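Protein chains in written order, with numbering that gives the first Met the number 0: chain R, 0 to 322; chain L, 0 to 451.
Do not rely on the hints blindly, as some may be mistaken.
As the list claims (entries may be wrong) - Computed cross-link-like contacts, DSBU-like style, restricted to lysine-lysine with a CA-CA straight-line distance of at most 30 Å:
{"no.": "1", "chain 1": "L", "residue 1": "LYS42", "chain 2": "R", "residue 2": "LYS211"}
{"no.": "2", "chain 1": "R", "residue 1": "LYS43", "chain 2": "R", "residue 2": "LYS107"}
{"no.": "3", "chain 1": "R", "residue 1": "LYS32", "chain 2": "L", "residue 2": "LYS162"}
{"no.": "4", "chain 1": "L", "residue 1": "LYS42", "chain 2": "L", "residue 2": "LYS144"}
{"no.": "5", "chain 1": "L", "residue 1": "LYS162", "chain 2": "L", "residue 2": "LYS42"}
{"no.": "6", "chain 1": "L", "residue 1": "LYS163", "chain 2": "R", "residue 2": "LYS32"}
{"no.": "7", "chain 1": "R", "residue 1": "LYS32", "chain 2": "R", "residue 2": "LYS108"}
{"no.": "8", "chain 1": "L", "residue 1": "LYS372", "chain 2": "R", "residue 2": "LYS32"}
For the record, the hints were derived by calculation from the structure and aren't laboratory data.
Here the structure is a predicted model, which means the values were calculated and not measured.
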Amino acid sequence: MSGQRTLWGVIVIAISMTSCDNTNTPGTVNKSKGTIGYSAMSFKNPFFVVIKNNLEASANDAGYELIANDADSDVSKQANHIDEFISKGVSAIVLNPTDRLAIGEAIKKANAAGVPVFTCDLQCIAEDVDIAGHIGTDNYQGGTLAGQAMVEALGEQGGEVLVLDFKQANSCVLRVDGFMEVINQHNEGRREGKIAVIAMVNGGGDEDIGYKATSDNLVAHPNIAGVFAINDPSALGAWKAIDEAGKNEQITIVGFDGAKAGKQAILEGKIFADPIQFPAKMGNDIMEKILAYQHGEEFDPVELIPTSLYKREDARKDPEIQN
Amino acid sequence: MKRLLQSKLITDYGMVLVLVLLGALVTWATWGEQHPDDPGAGKHLANGIVELPGDDTHVAVVVRQTKSDTEYAEAIATQLKDKGVTVAAIIQARTPRDARVELVKLGEQQVRVNAIATHHFCFSTWGVLQQSALDGLAANYPSLKGVKPFKPASRMGSTFLSKKNLVSILNQNAPIAIMAIGMTFVIITAGIDLSVGSLMALSALITAVSLRDWFGGPQASSLGLYSAFASAMLVCTLCGVFVGLMVTSFQVPPFVVTLALMMMARGCSFILAGGADSVDIQASGAELLYSGTIFGVPNQIVLMLVLFVLAHVVMSHTALGRYVYAVGGNAQAARLSGVPVFRVIIVVYAICGAAAGLAGVLDASHFTSGRPKAGEFYELQVIAAVVVGGASLMGGEGKIFGTFIGAMILAVIQNGLNMQGVDSYRANVVYGALILVAVLLDQLRNRSSRWA
């Protein structure tokens with residue numbers, strides 16, 4: 000009796016495996032030039048899904064297949080992905096480093112196996128690693144754009160500003176640095192109409208944490224005139240807190256990213272402006288770099304894409320946003 | 000047939016069969032062209048080039064700057080020279096661009112080359128080795144006239160079954176498998192330990208921080224290194240003892256104690272990290288525990304196998320092993336028959352803590368840093384490995400060998416799904432279904448043995 004049931008169980012498992020496997024029907028190996036392995040930061044963030052889709056499209060155009068794995072922000076998962084890419088014999092590896100330092104050892108393994116590694120978004124800072132090419136956002140420049148937007152919104156009156164930061168991520172630190180540079184320039188030599196940053200608190204890069212941090216600070220500083228959040232989710236959290244406090248008219252929010260939800264919020268007037276990143280361009284350009292590398296052409300080994308400021312009038316013209 | 004299915008082999012080792020079937024499935028799914036680039040393939044390629052028509056073949060070997068490529072290139076060059084074919088140059092290029100520069104140099108120096116020996120990777124991805132690019136070079140440099148690239152013939156095979164991949168599966172999953180050993184002890188006593196993932200992070204952080212502050216920083220001696228490893232494991236073992244004491248002396252359910260410890264250990268890890276993503280280990284040699292090998296086998300794998308054998312011996316041939324089963328089977332009866340129940344429970348949680356500590360030390364060595372986020376949700380994977388391996392959460396039942404198979408089943412599924420590029424959401428669905436099936440199997444087997 001029991002043996003037969005064991006066998007049934009085995010069959011059930013086998014079926015569940017194959018049914019999940021068949022996105023890439025095995026056996027039908029089409030004649031491609033090779034495979035590109037992509038280990039993404041996290042597909043929970045649509046930013047990386049956009050990178051993946053564009054990377055996949057341009058890889059296919061160049062005759063390559065793409066294997067995309069989700070590291071789920073875990074550096075040990077990402078290190079495993081790199082091992083598997085090496086075993087599989089991919090032509091090139093693309094990473095969004097989940098940890099700028101700790102991923103170094105895994106990249107060295109790929110170097111030793113002779114597989115070129117390209118990074119995208121975050122830059123690896125480990126020593127003695129060989130990165131064939133990098134593409135990312137110029138976060139400092141983005142921060143200055145956010146600062147300019149804030150100066151424009153507050154005008155000559157100035158006012159109190161709350162910053163929702165996320166110190167764990169270097170990219171977000173750079174955004175705040177760029178923002179502060181513009182604010183300090185604005186304040187220089189000024190007696191009236193200064194913009195005073197009254198608090199820099201952790202917004203977690205997350206809607207929920209951004210909401211709580213803003214709520215608490217609205218109580219402590221009732222006269223806040225502006226909020227700068229280092230990404231769209233925390234900016235939306237700030238909006239929720241401000242809306243509940245009924246201070247929409249008083250407070251201007253500047254976000255960062257230009258994800259779809261952020262753009263939508265700009266259209267609806269919830270967020271004043273976003274310096275936007277270009278994940279689609281990142282996905283396409285990283286494939287261009289891979290091809291340039293393979294063909295031995297000159298290319299910029301580190302490319303930082305400048306952001307551009309996105310406001311309500313841009314949102315009205317944007318076909319991506321539904322009115 | 001029916002008798003075969005009912006045999007002890009199938010009922011006892013059904014999970015081995017599942018592992019074999021999964022292995023076969025992944026083998027099939029990853030079946031495709033393999034491109035050999037070992038010295039043997041190099042020798043074979045050289046023989047092919049020797050047989051080319053004409054007797055003025057001048058070969059340039061073009062490969063990458065890696066250790067295995069050096070061996071490959073040497074094998075080709077040696078074989079060619081033995082057979083009297085001229086080896087014009089061996090080019091080991093860091094990038095495709097360097098390869099082009101070196102080939103142009105050969106052209107400028109008017110070195111005669113009409114065959115290029117390489118392997119599939121360079122042949123398929125390096126622009127300069129495409130026939131059209133080579134024709135372009137030949138047009139500019141007469142000494143490269145008629146140059147053609149050659150690579151070893153491909154054969155069919157499975158990426159999954161390659162030695163490199165099998166070693167990497169074992170290596171990747173060694174920390175989880177090691178923790179699963181400790182968890183098997185705990186689960187057989189009808190307990191549970193939710194704290195292992197967090198203890199792993201705590202151990203990694205203690206290793207990193209104590210090395211930085213106490214054991215010599217960047218100049219740490221190997222004694223300093225081992226002291227850091229040992230103190231991390233000691234703290235985790237003491238955490239296990241603490242859990243054991245709470246479970247026995249204060250009768251707090253293990254689920255609650257270890258849930259609390261899980262949160263505390265994770266919190267302490269973040270405190271030790273001081274808000275950073277990771278605490279860097281600068282002591283040289285810290286990575287050796289992870290990257291070193293014994294007879295060519297990575298340390299982690301050797302350690303894991305030794306611990307499994309040790310645990311198997313403890314469970315099947317010592318008094319402690321019998322006590323563990325007795326406590327899990329019926330604690331009251333065990334106490335009445337003279338088993339030191341409290342001590343046994345404290346010991347199993349201490350073992351589980353020590354195993355988590357070891358996993359943390361290995362993680363710190365792997366990433367040469369202590370990461371407060373290390374081992375998140377590992378407790379669930381570890382418990383899954385033990386349960387899939389046939390241990391019963393009701394206690395009294397389970398085998399160390401089964402746990403090994405359970406850990407490998409999960410590892411093979413993960414590897415197969417990653418190789419196919421299946422996203423982690425689907426992988427989670429398979430994990431969940433598999434755990435359920437394994438427990439169902441266990442239930443059915445128990446029921447049928449009761450009826451028999």
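Hints and how they fare:
no. : hint                  : in the structure
1   : L:LYS42 with R:LYS211 : violated (67 Å)
2   : R:LYS43 with R:LYS107 : holds (28 Å)
3   : R:LYS32 with L:LYS162 : holds (24 Å)
4   : L:LYS42 with L:LYS144 : holds (25 Å)
5   : L:LYS162 with L:LYS42 : holds (21 Å)
6   : L:LYS163 with R:LYS32 : holds (22 Å)
7   : R:LYS32 with R:LYS108 : holds (23 Å)
8   : L:LYS372 with R:LYS32 : violated (38 Å)
Checked against the numbered hints above, the structure violates hints 1 and 8; every other hint is satisfied.
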